[in-house]
Amino acid sequence: MTAADNGAASAPLSAAQPCVRIEGVTKRFGAFTAVDDVSLDIQEGEIFCLLGGSGCGKTTLLRMLAGFEQPSAGRILIDGQDMADVAPYERPVNMMFQSYALFPHMTVQDNVAFGLEQEKLPKAQIAQRVEAMLSLVRLDGMAQRKPHQLSGGQRQRVALARSLVKRPRLLLLDEPLGALDRKLREHTQFELLGLQKQLGVTFVVVTHDQEEAMTLANRIGVMDRGRIVQVGSPRDIYEYPSTRFVADFIGSVNLFEGRLTEDEADYVRVACPELPAPVLVDHGVSAAPEATVWVAIRPEKIQLLRERPAGTDNHAQGTVRDVAYMGDMSIYLVVLPGGRELRVTRANLQRKEEEAFESGDAVWLAWDAASPVVGTG
Amino acid sequence: MAARGLRLGRLLVIGVPMGWLLLFFLAPFLIDFKISLSEVRLAIPPYAPLLEWADGKLVALHLQLTNYRYLFTDSLYVSAYGYSLKVAAISTLLCLLLGYPMALGIARAEPARRNLLLMLVILPFWTSFLLRVYAWMGLLRNNGLINNLLLWAGVIDAPIQMMQTDFAVYLGIVYSYLPFMILPLYTNLEKHDGTLLEAAADLGAKPLAAFLRVTLPLSVPGILAGALLVFIPVVGEYVIPTLLGRPDQLMIGRVLSDEFFANRDWPVASAVAMLMLVLLVAPIVAFQRVQSNAAEAR
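Read top to bottom, the protein sequences are chains A and B.
Per the numbering used here, the first sequence starts with residue 3, numbered consecutively.
Per the numbering used here, the second sequence starts with residue 695, numbered consecutively.
No wet-lab data here; the hints were simulated from the structure.
Take these hints with a grain of salt, some might be off.
Below, in silico cross-link-like pairs of lysine to aspartate or glutamate (EDC-like), each with a Cα-Cα straight-line distance of 16 Å or less [to be verified]:
no., chain 1, residue 1, chain 2, residue 2
1, A, K199, A, E92
2, B, K900, A, D87
3, B, K900, A, E119
4, B, K900, A, E92
5, B, K900, A, E121
Label pairs and their calculated CB-CB ranges [unchecked claim]:
no., chain 1, residue 1, chain 2, residue 2, range
6, A, D211, B, V984, 39 to 45 Å
7, A, A75, B, L906, 32 to 38 Å
8, A, E133, B, S773, 55 to 61 Å
9, B, G699, A, M328, 45 to 51 Å
10, A, D211, B, M813, 41 to 47 Å
11, B, L902, A, S137, 29 to 35 Å
12, A, S137, B, V984, 49 to 55 Å
13, B, V975, A, Q130, 27 to 33 Å
14, A, Q127, B, L791, 35 to 41 Å
15, A, S101, B, I725, 35 to 41 Å
16, A, Q127, B, V984, 30 to 36 Å
From chain B, some residues computed to sit far from chain A (all C-beta separations above 10 Å) [as the list claims (entries may be wrong)]:
no., residue
17, F719
18, A806
19, F981
Predicted model, so just to flag it, every value in this text is computed and none were measured.
Every residue, glycine too, gets a C-beta built ideally from N, C-alpha and C.
Looking at chain A on its own, in the form it has when it is part of the complex (with noise of 0.2 Å):
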């Protein structure tokens, strides 16, 4: 699994040195940039996930480091070594399609050989890598099948193999679960996890689904615009997003406007005119005071009760507009006096809610210091 397998000259890889750099690249198609000025270290066996909405430019990035572009401006390293005048069929780098792109006149054999024939390599370690490839991912048995006679599941682990099987430095996904149904997603996902640990290829994955980026990644840049807006461990993205944008855009959120009235080191106060009291938020933040911010609080974060709670700060009272039961939780939403419309959600933890919230009940909503996220982008 080094850069020689794939008859590239192979640098002495320093620890520091990324899998993947791009440095400053820009892509614009006419008067349009598709990705702006985007700067990315990738490490060595990271699984790397791009998010963002349709048209963020994530999926032209990742094509500029299959090759399939060149970048406007700015650079692609792989293992150090630039990638500008490198045509796709040199570099040592795979991709998985988002619609699989199998050969539909070869069958999956074939198909997965594709690869390690253009390698020209003896026809004996060609067959015997397939076959460990596809047992690999559990296709035993369906070497002489057509793509056409197989189910998407198992097209897409034909894509997996065939992309993995010529031993990349760097395995591009396209959103590789997007085709596949829920339940055959969340196990294809641990699956894909456990394919990544055992060899070791590092993974730049592209979606547009935050839940796929959550259980996939090591990190999540996010994207928007053309731009890297934040990047960072998924936790770091859901509880600490740096902007308004990426709040609202992972997860399910409650955004408020507000003014900031008391700014100190190890906290601040905010008043949000949608809100009766104070946020109270015990973590500094970068701003004048006086200045227009957002605060944003997750719908789990917030309590529901029934009395009013102690204190002055990070509550508010409300009527029960409706109750969502799923399950394993119940989406409340609550209706606040100035009409402002709150999203909590509560695990269900006993079979039967003696005092379980119904719609039209008065609650109480309250959140600790440090739950809200305040920020000025």
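Following the hints, put chain B in place on chain A, whose structure we already have.
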């Protein structure tokens, strides 16, 4: 009510073309077949009836294969069949070699330019086929445009004999039938999924390898459709070999027309046509099989 309406609609939709084929293909075919089994005679019509009736009773059935046997005894027919098949095969190959790159070029052109390029392929059809063949005569004659130009430029001292050669026949046929190769090929190539080529490149295939292993095998139905659209009519081609070709080597279309109109030997002419059909059925059946296999693979 609705179900009956639907059934009636289906019957109409299938019935009209079926009726058309029955009336204008199957019936003439059977008449032709009947004539090919009868005896020639100087009368109107110029063949003997197959069935002889007397007092409302069938008294004799005159079936004979002499017309078919005759085709194999006179070397003219065998040679004409052989030459026709050879010309058709070589022309089809030439059309494929010329037409494939053109079809691929059009299919890979920007969508906005494709229609223009297709128009250019179809444009010659706006002029009568016969006129275009006459135009070639004007170009290829000993005192035609090409020879005069070459003489004037001093490249040659005496005109090159191009008319009435195999060269002229191939030129005329390839020129006339090229669109029939390009159009089905284009229809096939245009539907190819571009990501398959990206996948091939991603797996290390250089452009030529990707073409040979992905594009070419996937375009086999288009190649076959184009090849048949060229091969079948060229076997029976009459105008081009008559106007441009060698006087000493006839193609089967010319033989057929001579038998009908010059010799007025309808039975032999019918036998010639029947045998030609038999020769053409084999490639058609092969094509159908490939098509149904391809349809199954979808």
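Right, here's what the structure says about each hint:
1. A/K199 x A/E92: 25 Å, violated
2. B/K900 x A/D87: Given that 16 Å is the threshold and the Cα spacing comes to 15 Å, the pair holds.
3. B/K900 x A/E119: Judged against 16 Å, a Cα distance of about 12 Å means the pair holds.
4. B/K900 x A/E92: Status holds; Cα separation ~9 Å.
5. B/K900 x A/E121: Given pair B/K900, A/E121 holds - Cα atoms ~11 Å apart, limit 16 Å.
6. A/D211 x B/V984: 39 to 45 Å: 41 Å, holds
7. A/A75 x B/L906: 32 to 38 Å: The hint (32 to 38 Å, Cβ to Cβ) holds, given that A/A75 and B/L906 are roughly 36 Å apart.
8. A/E133 x B/S773: 55 to 61 Å: The hint (55 to 61 Å, Cβ to Cβ) holds, given that A/E133 and B/S773 are roughly 57 Å apart.
9. B/G699 x A/M328: 45 to 51 Å: 48 Å, holds
10. A/D211 x B/M813: 41 to 47 Å: 45 Å, holds
11. B/L902 x A/S137: 29 to 35 Å: 33 Å, holds
12. A/S137 x B/V984: 49 to 55 Å: 34 Å, violated
13. B/V975 x A/Q130: 27 to 33 Å: Roughly 47 Å apart at Cβ, these two residues miss the hinted range, so it is violated.
14. A/Q127 x B/L791: 35 to 41 Å: 37 Å, holds
15. A/S101 x B/I725: 35 to 41 Å: Cβ of A/S101 to Cβ of B/I725: about 54 Å, so the range 35 to 41 Å is violated.
16. A/Q127 x B/V984: 30 to 36 Å: At roughly 34 Å between Cβ atoms, B/V984 and A/Q127 fall inside 30 to 36 Å, so the hint holds.
17. F719: Holds, because the least Cβ-Cβ distance between B/F719 and chain A comes to about 34 Å, which exceeds 10 Å.
18. A806: 14 Å, holds
19. F981: Per Cβ check, B/F981 is outside 10 Å of chain A; nearest 17 Å; holds.
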